[in-house]
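J.: Those protein sequences? They're chains V and S, same order as listed.
Heads up: the first sequence is residues 1 to 387, going by the numbering used here.
Heads up: the second sequence is residues 1 to 123, going by the numbering used here.
Watch out, some of these pointers could steer you wrong.
Where chain S lies over chain V, by a calculated footprint (3+ residues, C-beta under 8 Å) [claimed, not checked]:
1. 45 to 54
2. 211 to 223
3. 305 to 312
No lab work stands behind these hints, which were simulated from the structure alone.
Even for Gly, the Cβ is constructed at its ideal location relative to N, Cα and C.
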Amino acid sequence: MSDATVQNQDTPHAHDDAEPEIAALPLDAWHRARGARMVPFAGYHMPIQYDGIIAEHLWTRSSAGLFDVSHMGQLLLSGEGVDQALEALLPGDMQALGVGRLRYSLLLNEEGGILDDLMVTRRADDFYMVVNGATKYDDIGHLREHLADDITLNHLDDQALLALQGPKAVDALARIQPAVAQLYFMEASAFELAGVPAWISRSGYTGEDGFEISVAAEHAARIADLLCDQPEVKPIGLGARDSLRLEAGLPLYGHDLDETTTPMAADLGFALSKRRREQGGFMGADRVLGEWPAGAPLRRVGLLVDGRQPVREGATVVDAGGRDIGRVTSGGFSPSLERPIAMAYVPAGLAAAGTPITLSQRGRAFAATVAPMPFVPTRYHRKGAAK
Amino acid sequence: MTRYFTKDHEWIDVDGDTATVGITDYAQGQLGDVVFVEVPAPGAQVKAGGEAAVVESVKAASDVYSPVSGEVTEGNAALADQPDLVNSAPEGEGWFFKLRLADPAELGGLMDADAYQAFIASL
Chain V
1 MSDATVQNQD TPHAHDDAEP EIAALPLDAW HRARGARMVP FAGYHMPIQY
51 DGIIAEHLWT RSSAGLFDVS HMGQLLLSGE GVDQALEALL PGDMQALGVG
101 RLRYSLLLNE EGGILDDLMV TRRADDFYMV VNGATKYDDI GHLREHLADD
151 ITLNHLDDQA LLALQGPKAV DALARIQPAV AQLYFMEASA FELAGVPAWI
201 SRSGYTGEDG FEISVAAEHA ARIADLLCDQ PEVKPIGLGA RDSLRLEAGL
251 PLYGHDLDET TTPMAADLGF ALSKRRREQG GFMGADRVLG EWPAGAPLRR
301 VGLLVDGRQP VREGATVVDA GGRDIGRVTS GGFSPSLERP IAMAYVPAGL
351 AAAGTPITLS QRGRAFAATV APMPFVPTRY HRKGAAK
Chain S
1 MTRYFTKDHE WIDVDGDTAT VGITDYAQGQ LGDVVFVEVP APGAQVKAGG
51 EAAVVESVKA ASDVYSPVSG EVTEGNAALA DQPDLVNSAP EGEGWFFKLR
101 LADPAELGGL MDADAYQAFI ASL
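Using the sequences and the hints given, assemble the complete structure.
T.: Below is the structure:
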């Protein structure tokens, strides 16, 4: 038996030249003590699974899962005019972002290619940004190179980041700190958890309601223990995080997004605010706005794959003559739907929901259908939404 | 009946000139949740060390090699509906295929249970 195609979940991304050898994160011993299988990912030893990916996935969808995402980059940007400075690089409306509000945005290169996707929050005196682990050093270099000298960038590399995700996440976290229940989706604030200062946002990357919790590394194990002491909460590995985000239709950098993809190709047009579309003025704007509103020639879509065999990253989209016309960028087995699902880039003419698509993997053809994303309904705690 | 093992984590139970092939408990533990298995059809010719089946977990696809050469007499049809038998009973109900040995001498290159235990302990 040997691995034929290993999804890149457990291999480092391509941008890690500047990173150290495989390092240990603050909760390394905590994960091992709880029976996690550790694998190298983004330059760190990371927990890929505890009990098994399907059980962990379904637990998160029905209760609450605790994920360690401390490999991600936490940055603070401050200085006079920092919102306008960020707008030179990001296509989102930073000036209109209220204090304590998060926005999904993109770092773009001059050609409109995506260098990273990120979450940015305006705080009282600065912007707090969470970027991908595999790209964080490149991101920091890019930001330092292009932001004016009077903008200060701090890499919070002594902060751990925990994600508590699932429909019961609020029950578990509010038992420790009742005030978190007042946050809506994409809102954040400073709190204390058992006396530990914590920056908490109501966000995540699983499609569920939940929170991301930034605490000093020295307190991370104590907070993780406190959360896992709640009956709703179990620790969950990165394997289930990947299947959850795939079901939620959320792209993963290094797989569904990279420097060759543009925001319109990646179906991330929502990250371009109306004012920024009209005014431009961000890196890559010529290409990006040129693709608005007609769209890019290749588009990211969701696929429901017939049968039970997963079609994975690296498989191709083929036309009736067998020619490659697109590519699968994420694919796997959906534990919630009990069938294979995938994300792929397909020609614009094939991007409508319901379009039949043929995939080729290891010399075999697979039938699939373009499907709306998310594959599984999201349950974000939105302001004004019906309960 | 004698059981042999390969370095690729297949097992083979040999009874006269027929044999049953599967993957080991160690292998299923490494794979995690199995969601799909493709087994060879009766009549297929397999070679020692050649690809004979595919097993897919949530995370990855892996080839399963035949420990010996021969003609497949049966694929485990139960795996189509219950691929997780590979996790729950890897060295029993979760077998992959049966075959008729082409060359029993090939068994000499395989490990016995003690040698296999020592091998996985060294990994």
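J.: Taking the hints in turn, state whether each one holds.
T.: Structure-based check of each hint:
1. With a threshold of 8 Å between beta carbons, the proposed coverage of the segment 45 to 54 of chain V by chain S holds, since 5 of its residues qualify and at least three are required.
2. Given as covered by chain S, the segment 211 to 223 of chain V fails the check, having 0 residues with a CB less than 8 Å from a CB of that chain where 3 are the minimum.
3. A stretch counts as covered by a chain when three or more of its residues have a beta carbon under 8 Å from one of that chain; for the segment 305 to 312 of chain V and chain S the count is 4, and the coverage holds.
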